[in-house]
Amino acid sequence: MIEMKSVYKTYKRKDVTTEALKGIDLKVEEGDIFGVIGYSGAGKSTLVRLVNYLERPTDGEVIVDGQVLNHLSDSQLRAMKKQIGMIFQHFNLLESKTIFDNVAIPLVLAKKPKEEIKQRVMELLDFVGLREKAKSYPRELSGGQKQRVGIARALASNPKILLCDEATSALDPQTTQSILQLLKRVNQEYNITIMIITHEMSVIQEVCNRVAVMEAGEIIEEGSVLDVFGHPKHPTTKNFVKTVIHNSIPESVKRSLKKTGDSKVFRVEVKGEVASEPIVHQVMKAHDIEVNILFANMTEIQETTLVIMYLQIAGEASAIEKAVQFLKDKGAGVEEVVE
Amino acid sequence: MFETVITLEQFLQASIDTLYMVGMSLLIGSLVGIPLGIALVVTRPGGILENKIFYSILNPLINIVRSLPFIILMVAIIPFTRMIVGTSIGTNAAIVPLIIFISPFIARLVENSLLEVNPGIIEAAESMGATPFQIIWHFLLPEAFGSLILSITTATIGLIGATAMAGTVGGGGVGDLAIVYGYQRFDTFAMVTTVIILVIFVQIIQSTGNALARKARKE
Ligand SMILES: Nc1ncnc2c1ncn2[C@@H]1O[C@H](COP(=O)(O)OP(=O)(O)OP(=O)(O)O)[C@@H](O)[C@H]1O
Ligand SMILES: [Mg+2]
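Residue numbers (the working numbering), protein chains in the order written: chain A, 448 to 786; chain B, 1219 to 1437.
Careful: at least some of the hints might be erroneous.
Now the in silico label distances, taken between C-beta atoms and shown as ranges [to be verified]:
#1 B:1264 / A:524: 16 to 26 angstroms
#2 A:453 / B:1264: 21 to 31 angstroms
#3 A:526 / B:1300: 47 to 57 angstroms
#4 B:1330 / A:590: 35 to 45 angstroms
#5 A:565 / B:1436: 17 to 27 angstroms
#6 A:458 / B:1330: 21 to 31 angstroms
#7 B:1275 / A:690: 46 to 56 angstroms
#8 B:1350 / A:537: 52 to 62 angstroms
#9 B:1286 / A:460: 48 to 58 angstroms
#10 A:453 / B:1281: 39 to 49 angstroms
#11 A:466 / B:1264: 17 to 27 angstroms
Residues from chain B shown here face chain A by an in silico Cβ test under 7 angstroms; the list is partial [stated by the list, open to error]:
#12 1268
#13 1348
#14 1350
Computed list of lysine-lysine pairs in DSS-like fashion (alpha-carbon distance at most 25 angstroms, straight line) [said to hold, decoys possible]:
#15 A:732 / A:718
#16 A:580 / B:1270
#17 A:544 / B:1433
The set of hints was computed from the structure by calculation and includes no laboratory data.
Only a predicted model underlies this, so the values are computations on that prediction, with no experimental measurement involved.
Every residue gets a Cβ at the ideal spot worked out from N, C-alpha and C, and that includes glycine.
Go ahead and model the full structure; you've got the sequences and the hints to work with.
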């Protein structure tokens, strides 16, 4: 749906040049809720603004829905933009227009007949739960309600893609939740591919199925949310993951860890169905070993359970080896932790 | 009581002349100044129709005209005024320099009003694939409407001051009365009355402008 091929973006201001993007390769499939996370200045906004060509790449190709944007004329680009909705951190609603008129704007621009506009706008306001606010002005709405209007407006032209640049960053955690749930419905009910920019890992955890981590204009890690959360590789990714799941042995446990001669520590990661099986019990029963659970954490990601445990296994070396194999056969990821 | 030689009719006529001069020059000045103000905003660096050459000609040109005091402008363009209205005396003749005086002023005020519009609105408009004309018409102007009304109010009050000066070259109007009777013939009553009339005009215009702007901003 969205593809970027070695995209570079350099801003030149007088004698200051900023390399905002340095060779981005990216693929967002139809139906994805694709998250992009990174610290401030990583280039996330620049990246998302390339998708609807608010910004032009200095080098490289941006392909949306099979069309190479670089090759389109201005009017073709405008037509393409109607296929891509966008919502913003500060909502960007017109203060001078009612909620109804705000949502209607893309339809007015497309010169749709009045009756059709009326019907479509009310349908959208219903969808976002703001029908009774049609005659209000943005200043009379809360932040969460304003973002709902933003979403309704972005959906008005029936887009295939919705871009969200820090769409929940100005909202409190509870409102954030409700907006994220709404985005999920947008994805499922309208089958719209969504790209979410954020600096909060909890947002990714809540709604995304894929994630890209950005740092200094590059994508340093990319994959399914489950994989990245389970196995963050880059230090920055680890830091982000740490903000939502504890996946390392607490220091206090580490200190009191007694290194008995024939015990080893393993990091065991279990996903999905297997997570509900009593595998620790099973492995103990089937092998001549003792298992000490040093740490365990269970997280819900994308309606899938992700369990991360640190197990201290004591016993004969061969028994431990067999136990590890048993866990692996069960579908668990097992890694020995060498201190 | 004060002694005065001015009749009530003269006061009325002077008031009408002033309103006529203000109204006509405001109308034509707005027709020129508002598009110029929009042009300044859209062609400026980073604007939606960025145009270095156009902007770098228009911008200083407006500054030059704006830097001339009205009284000097009025005298300097007498030949031009004569060419257009056939005379350099009277209300119609005063309107020509008034327009040239007020148009660039309105352009600057409109520019300021439009620049106050949240850039996020323009970004949203661009993300919807709006054409430059649509951005101006459906986003910039409605969002700046309240502020534009205040700008036009300021311009109108500026014009009242200028018409009073136009009186010195026989432009007619309230200013003319003040000069000819109040100043030159030491008619204190005429002087005081004209000042009161001007103050009332300004008050009415300012409060109307404020009220309209409040309404436009849905407060
Ligand atoms: N219009 C611009 N002109 C010049 N430099 C820019 C421009 N936009 C962004 N940059 C620079 O590009 C880099 C990336 O900016 P970008 O806005 O994409 O970061 P971000 O990841 O969205 O950050 P944040 O989380 O703060 O929004 C920054 O160094 C920024 O200063
Ligand atoms: Mg940003």
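How the hints compare with the structure:
1. For residue 1264 of chain B paired with residue 524 of chain A, a C-beta distance near 19 angstroms keeps the hint of 16 to 26 angstroms intact.
2. Distance hint check: the CB atoms of residue 453 of chain A and residue 1264 of chain B are about 28 angstroms apart, consistent with the given range 21 to 31 angstroms.
3. Distance hint check for residue 526 of chain A and residue 1300 of chain B: the Cβ-Cβ separation is about 54 angstroms, which falls inside the suggested range of 47 to 57 angstroms.
4. Against the hinted window of 35 to 45 angstroms, the Cβ-Cβ separation of residue 1330 of chain B and residue 590 of chain A comes to about 29 angstroms, which falls outside the hint.
5. In this structure the hint that residue 565 of chain A and residue 1436 of chain B lie 17 to 27 angstroms apart at CB holds, the actual value being about 21 angstroms.
6. In this structure the hint that residue 458 of chain A and residue 1330 of chain B lie 21 to 31 angstroms apart at CB holds, the actual value being about 27 angstroms.
7. Separated by about 54 angstroms at the C-beta atoms, residue 1275 of chain B and residue 690 of chain A satisfy the suggested range of 46 to 56 angstroms.
8. In this structure, residue 1350 of chain B and residue 537 of chain A break the distance hint of 52 to 62 angstroms, their C-beta atoms being roughly 23 angstroms apart.
9. Against the hinted window of 48 to 58 angstroms, the Cβ-Cβ separation of residue 1286 of chain B and residue 460 of chain A comes to about 35 angstroms, which falls outside the hint.
10. Between residue 453 of chain A and residue 1281 of chain B the beta carbons are some 46 angstroms apart, a value that agrees with the proposed interval 39 to 49 angstroms.
11. Roughly 20 angstroms separates the CB atoms of residue 466 of chain A and residue 1264 of chain B, a value that falls within the hinted 17 to 27 angstroms.
12. Contact between residue 1268 of chain B and chain A, as hinted, is not supported at the beta carbon level, the nearest pair being about 14 angstroms apart and thus beyond 7 angstroms.
13. Interface hint at residue 1348 of chain B: satisfied, since its Cβ lies 5 angstroms from the closest Cβ of chain A, which is below the 7 angstroms cut-off.
14. With a least beta-carbon distance of about 10 angstroms to chain A, the hint placing residue 1350 of chain B at the interface is violated under the 7 angstroms criterion.
15. Note on residue 732 of chain A and residue 718 of chain A: the hinted pairing holds, with a Cα-Cα distance of about 22 angstroms set against a maximum of 25 angstroms.
16. Under the criterion of a C-alpha separation no larger than 25 angstroms, the hint pairing residue 580 of chain A with residue 1270 of chain B is inconsistent with the structure, at around 44 angstroms.
17. Simply put, residue 544 of chain A and residue 1433 of chain B have alpha-carbon atoms about 13 angstroms apart, close enough for the 25 angstroms limit, and the pair holds.
The earlier numbered hints that this structure contradicts are 4, 8, 9, 12, 14 and 16.
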